[in-house]
Structure formats: structure tokens, C-alpha cells
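For the sequence shown, the numbering used here assigns the number 1 to the initial residue and increments by one for each residue that follows.
Keep in mind that the hints were calculated from the coordinates and are not lab data.
Where hints are given, some of them may not hold.
What the hints assert, rightly or not - In silico lysine-lysine, BS3-like type, Cα no more than 27 Å apart, as pairs:
hint	residue 1	residue 2
1	K50	K88
2	K88	K200
3	K180	K200
As the list claims (entries may be wrong) - Estimated spans, in silico, between C-beta atoms of each pair:
hint	residue 1	residue 2	range
4	I41	P72	39 to 45 Å
5	F29	D160	31 to 37 Å
6	P84	T112	17 to 23 Å
7	V162	N68	29 to 35 Å
8	K88	T209	34 to 40 Å
Even for Gly, the Cβ is constructed at its ideal location relative to N, Cα and C.
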Amino acid sequence: AFLYQNYKGGIWHYNPVTASWSVGPAIPFWPGYPAAEYDPISGKIVILGKDGLYTYDPVSRVATQHQNTVRPDLSYAQNMVYCPNDQKHYYVLPDGRVFEIALDRMNWSSSTVIEIPVTGSLPPGPLTGTGETGWSWDTHANRIVGGFGLGRFTNVYGFDPVSRVWQQRSMLSVGRTPEKLAWHCCDYSIRDNVHIFVGKTPTWIGNSTYGTWAYRWGS
Numbered sequence: 001a002f003l004y005q006n007y008k009g010g011i012w013h014y015n016p017v018t019a020s021w022s023v024g025p026a027i028p029f030w031p032g033y034p035a036a037e038y039d040p041i042s043g044k045i046v047i048l049g050k051d052g053l054y055t056y057d058p059v060s061r062v063a064t065q066h067q068n069t070v071r072p073d074l075s076y077a078q079n080m081v082y083c084p085n086d087q088k089h090y091y092v093l094p095d096g097r098v099f100e101i102a103l104d105r106m107n108w109s110s111s112t113v114i115e116i117p118v119t120g121s122l123p124p125g126p127l128t129g130t131g132e133t134g135w136s137w138d139t140h141a142n143r144i145v146g147g148f149g150l151g152r153f154t155n156v157y158g159f160d161p162v163s164r165v166w167q168q169r170s171m172l173s174v175g176r177t178p179e180k181l182a183w184h185c186c187d188y189s190i191r192d193n194v195h196i197f198v199g200k201t202p203t204w205i206g207n208s209t210y211g212t213w214a215y216r217w218g219s
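Turn these sequences into a full structure, and let the hints steer you where they fit.
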């Protein structure tokens, strides 16, 4: 709470070269907890939530609203993933519902957000105490992978945007088994072909400890 009170209301930038943080002048004026993902085509960060579509330019540090909508079906505090194969973004809900975002980068207000039909072994949605979900694009498997811990601690899910089919697999864990994902922390390492995520594990006194895991989608 102390950190939130001190650092809320700004958009922060991290420079990995200088290992330093800075805050831009833009104020995050979007309500609620929208999803955000970098768009390498435009160089902007796309922000999508129940109340509209926004972009943030990390170079000029300017935030812009492009659509003002009411979309309760988008929920809140969810995840959006960029697919380099079709240059679209996909908004993924914990129950397996998927929204395809086709950006009009010349006229952002003309961008479309459409729920697409999906089949296969869908994620079951968050159970009580499941916590946050996370998804990332797997360039080796050509699918969105994540949902660690949904329904069962060792579950993991993959979604193919071309066939629009979900797959579920059991994750083999070496050492501690993650109980659930923490803070939406999930990303893909192209060099190592693994998904890196931060998870929580229970301790004997009922609290949780945090750890970092690497998972490779395979057979």
C-alpha cells in the first residue's frame, strides 16, 4: 500500500542499460484495470479495457484515447498478447474466451475488438484463490501459452489463433510445484524457448513464498 500510494498516477519507464527508472508526464486516465501490450508495428503500447481503447507512445510519452466504449465482457485485470504471424492482438480471459483485436494503425478509432469462436480443452476459469493469469506468445509452438495453475496447480493451456483450438497439458514440475501465478508475471524467452513466470507456493504455516519457473511447451 505504501508503494502504491507513492507511485500511483504515473507511467514508469525502465532503462535496462542504465538500470534506472523514470516517470513520464502522462497521467493514466483510463478507468479500472485494462490490459496492455506493446505493438511492434506502431511502436506504441495498446491499452484495452471495459471502457475503451487507448495507446501510449513510450517515445513521446503521450497517452491517447481512441475509442470510448462500454464492454463489460472484457472484464478487468486481464491479459492481451501480440501475435506476430497475423500482427493482431488477442485478449484472453481465464475461461478460454478470446477476443481478436484488429488494429487500424492509420486510424486507431476504426480498430475492431471481436470475440471469436473457440473449441478444444478450454481453461476452466479462475477458481477461488487462483489469483492472476498470464499468457505469452510462443514463437516455437506458434500459439498463446499460459494459464498456469487454472483449475489444477499443474495445468497449462495453449491456444492456436489459426485453428482457434485450445489444448490443455499437465506441467511436469522439477522441485517445488507452483500453486498459482503471481502478478500476471509471464513472458516468453525466444533464446531459450521457455515461458518464464513467477508463481506462489504454500508454506507449512499457510503463507506463500514466491519463485520463478521456466516452462517449455512440448509433447
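For the pair P84 and T112, does the Cβ-Cβ distance stay inside 17 to 23 Å?
-> Hint holds: Cβ distance 19 Å, inside 17 to 23 Å.
Please test the hint of 29 to 35 Å on the beta carbon pair from V162 and N68.
-> 32 Å, holds
Pairwise hint evaluation, K88 against K50, where the allowed Cα distance is 27 Å at most = 19 Å, holds
Return holds or violated for the Cβ distance of K88 and T209 against the range 34 to 40 Å.
-> 38 Å, holds
Given the hint that K180 pairs with K200, does the C-alpha gap stay at or below 27 Å?
-> Holds, at about 5 Å.
Has the hinted range 39 to 45 Å been met by the Cβ atoms of I41 and P72?
-> 29 Å, violated
Do the alpha carbons of K88 and K200 lie within 27 Å of each other, as the hint requires?
-> 31 Å, violated
Using the beta carbons of F29 and D160, state whether their distance is inside 31 to 37 Å or not.
-> At roughly 36 Å between Cβ atoms, D160 and F29 fall inside 31 to 37 Å, so the hint holds.
Checked against the numbered hints given earlier, this structure breaks hints 2, 4; the rest are met.
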